[in-house]
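**Student:** Chain by chain, the residues run as shown.
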Amino acid sequence: MVKKYALPVVLIALAFLFPLIDPLLEAVLGKSLLFSAIVIAVYVMLALGLNIVIGFAGLLDLGFVAFYALGAYVTGWLASSHFKQVSFSFLSAAPTETVSGNAVPGIHISFWIILVLAGAFTALCGIIIGAPTLRLRGDYLAIVTLGFGEIIPRFFQNGDDLGGFNLTNGTIGIKAIDSPGLPFLPDSLPAWQQFGTLNLNPWYYTILILVLITVYINIRLRDSRLGRAWISVREDETAAAAMGINPVTTKLWAYALGATFGGIAGAFYGAFIASIFPTSFSFNVSILVLCMVILGGMGNIYGVILGAIALQGLNFYLLPQINTWVHRIGDAVGSPLLSGADIPKYNFFIFGIILVLMMLLRPEGIIPNRQRQEELHSGDDDQSITDAARA
Amino acid sequence: MALLEVENMHSYYGNIHALRGVSLTVEEGEVVTLIGSNGAGKTTTLRSIHGVLPPKEGKVIFDGKEIQGTPAHDMISRGIAQSPEGRKIFSRMTVRENLEMGAYHRSDRDGIRTDMDRVFELFPRLQERIKQEAGTMSGGEQQMLAIGRALMSRPRLLLLDEPSMGLSPVLVERIFDIIREINAQGTTILLVEQNANVALEIATRGYVLETGAIVNSAPAAKLREDPKVREAYLGEI
Amino acid sequence: MDSIKGSSWQSRLAVVLIAILLVALLIQAVANPGQFVSQLLIGITNGAIIALVALGYTLVYGIIELINFAHGDNFMIGSFVGLTLLAGFGIFAPISGDSGTFIKILGVLLALVVAMVVCGFVNVAIERIAYKPLRNSPRLAVLITAIGMSFILQNIGLVWKGPAQVPFPELISSANIFPGDAIIFRWKDLFVIAATIPLLLGLSYFIKNTKQGKAMRAVAQDKEAAAMVGINVNRTISITFLLGGILAGASGVMFGLFNGITVFNVGFTQGLYAFTAAVLGGIGNLTGAVVGGFLIGIIGSMADQYIGVRWTAIVIFGVLVLVLVFRPRGLLGDRSAVQGGGE
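Chains as they are written, first to last, in the working numbering: chain S, 1211 to 1601; chain L, 75 to 311; chain R, 4 to 346.
Looking at chain S on its own, in the form it has when it is part of the complex:
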């Protein structure tokens, strides 16, 4: 029993202590890791959300970014001055009056309520998108989700003039999004009363708790009746249906739950970054998150977390580092090509290679889910014609 909980407890404790360690790291590395830790945590949450869809239910979703974008825009709509036509505040940490004493335009709802609303809204969107499409075969479903993943950000991009109504402010995006806060706290905790940009600890702890909740729900789902239904649908839909499991409903649950986490992560990200643009929600984000799930190990919660940390770590640290090295080599050799190279720009080259190599060499990921491993390798033997034709 002790052994089983030891590792998670240590990891969680480390995560909680990270803001204390960070200043030490800053002294060594020359920069704080807290900002990137928060972004990484957002991606961990996204990856865990997608893990429900891909890892548990076996549905390839290539448009996961759509839910992330929807969540972010929910924050944009409900916690900024975007809708100037109205003035409505509810439990928001943001000031309700301007300096001149007028009511602040726009909708300003408490961030904590928005998190719930965003989750509910994206779940609803997941159901609306999923209900008609989830009966499709796997590869077609992938393309339909990709279609939605492309339509939604493009819609946000064009949504500044919907018959005269400015829903999304087009390519400029929604700016000056309210910071969350806990206004009821005593004045001695100003950083917590209203989250700021100087002290990132409140942001960090918020997303950490969101991630822990996500992990907990992931574990509970995996071990639940629903979790077993997902496995059976993933392995053999017809057989599952014969056992009285409704495949479409089962898949819909996965899709909607995945969407919920994507939406909540998006809502947090919107508030954290404080301004959102449609171009932040491209197909690349869907692929990045997919890469995290596949690298870590589809269906394995630890694996997925590791995948997310590894790939965002690559984005944040390794690539800039390699870039510096390449520049130094370039300067030393006198090659303007190398010293002017922009390595981080090619990060998706690396992600592409990861996708191909993982599928060829270790489709079950770094930390495999046992059941998934068997499924991914069982196909190796059941046909023989290509063995014959291989010669």
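Just to be clear, a hint being listed does not mean it is correct.
As the list claims (entries may be wrong) - Once the Cα atoms are required to be at most 25 Å apart in a straight line, the calculated DMTMM-like pairs of lysine to aspartate or glutamate come out as:
id : chain 1 : residue 1 : chain 2 : residue 2
1  : L       : K205      : R       : D225
2  : L       : K296      : L       : E102
3  : R       : K135      : S       : E1445
Honestly, the hints are just simulated from the structure, not real lab data.
Fit chains L and R to the supplied structure of chain S, relying on the hints for placement.
**Tutor:** Then chains L and R, alone, in the frame of chain S:
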């Protein structure tokens, strides 16, 4: 020298050891049948000989040459053709196109025409349906087409997998008459058949396969008399 | 029973909606026939380019049931190869709008042929490296490697020509063929149509009449039976990829010459348009891919004109989603995208 000689052949489906050392011989001009219950490894034996499921161990010697490990698509030019289980015709091609595909590796137009005429002589029904899409024909007609397609390569050895499957008794009798006729015209036949009664009627010799291994072999007439065989495969108590 | 009932109200609704759209278009056509016809012609031209790429998707899907996600990026590679060739490699002077007519014709032909060859082999290489080892793996595993290959190709393009749009030399006149400007059909448009037709005829002849073409059809229908009659299944699959790549290469060069630009990520959108076309026509069906290509071209150009350029992508992706949801077989297809159906 035997036309086909299989020595201690082992085959696997993944981790499942499907054939555990099958040995058999087929002499030129014979009809040899392989009988056994469902899952005994009859089809697997044919697939292994044919290279569709390459054996992991053992030898397949055809016409004096070792051919295990040769890919399936090269078997036809060596003189082995198969009419597979479940027919596996090209359902969206016409009868004529299917037969032409049977002669895919050949380029002697006149020879192909002669062989097609020979197939039509054996199966007049196919000539009536020559322009019909194969997938729209009845099961019996598809079986005829599968055998006809295999004959189009002018094989020295014809592997026949369950030619009677799913056919009415009358049709079974006709198909077996034709198989006898094909053999009489000079094609050696290795026949896998669930319906041991009919198979032993036309075969020269027979092998009994049980869980991946040969347990008995004898001239067909003798096998028909064998009380064990009668009990297990000929439906007698 | 449910699904039959369901599909009938859905198809009735679809018919009504399409009828409304057609009437709206007709009104526009009557109001300004010149503009409408010009737009239709542009649509057909764009459609030709899309159709050639769509054929690559449909050929590959027909034979190994894989959505070759990297196909659109191979199209991009085609346009880059053409562009690099026209720039002369330092071996000969860059071919530009000022070059002589003969040089221009030679340049265009050379660019087309080289791009076709290169893309053909790129496609074969992708299949060998990334798809063939996974022939017996779950379908989604192969789709994921295909996505990986797509990103690899895209980044090769990014390294090769940088992140910005790159201009193509103006080798074919943008002048209108018809006198006046009531109806616009440029020499460029004529070039695209004239280059597409022989490719389509050639492909059709190859599939219908050659031995290799018949082998492709046989492998598509039953791989084991194909091997039994002596067809080398792997080689046939390679040839299918070769054909798809050849068409994508030609299409890439035509796209560059026609639009005057290309960019490293052009294959993503164009590839999705082409995939939409393949699905609309019925994936696996060659005629369907061509019909779908022209339809998507026309839908795109109509959306450009009557809805607004910035909505075109949304309209086409909308078509993709609607077709997959309500008629996954497409207009002419016989394969079912719905689990348990077809096949």
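**Student:** Next, verify each hint and record whether it holds.
**Tutor:** Evaluation of the provided hints:
1. K205/L x D225/R: 20 Å, holds
2. K296/L x E102/L: 20 Å, holds
3. K135/R x E1445/S: 23 Å, holds
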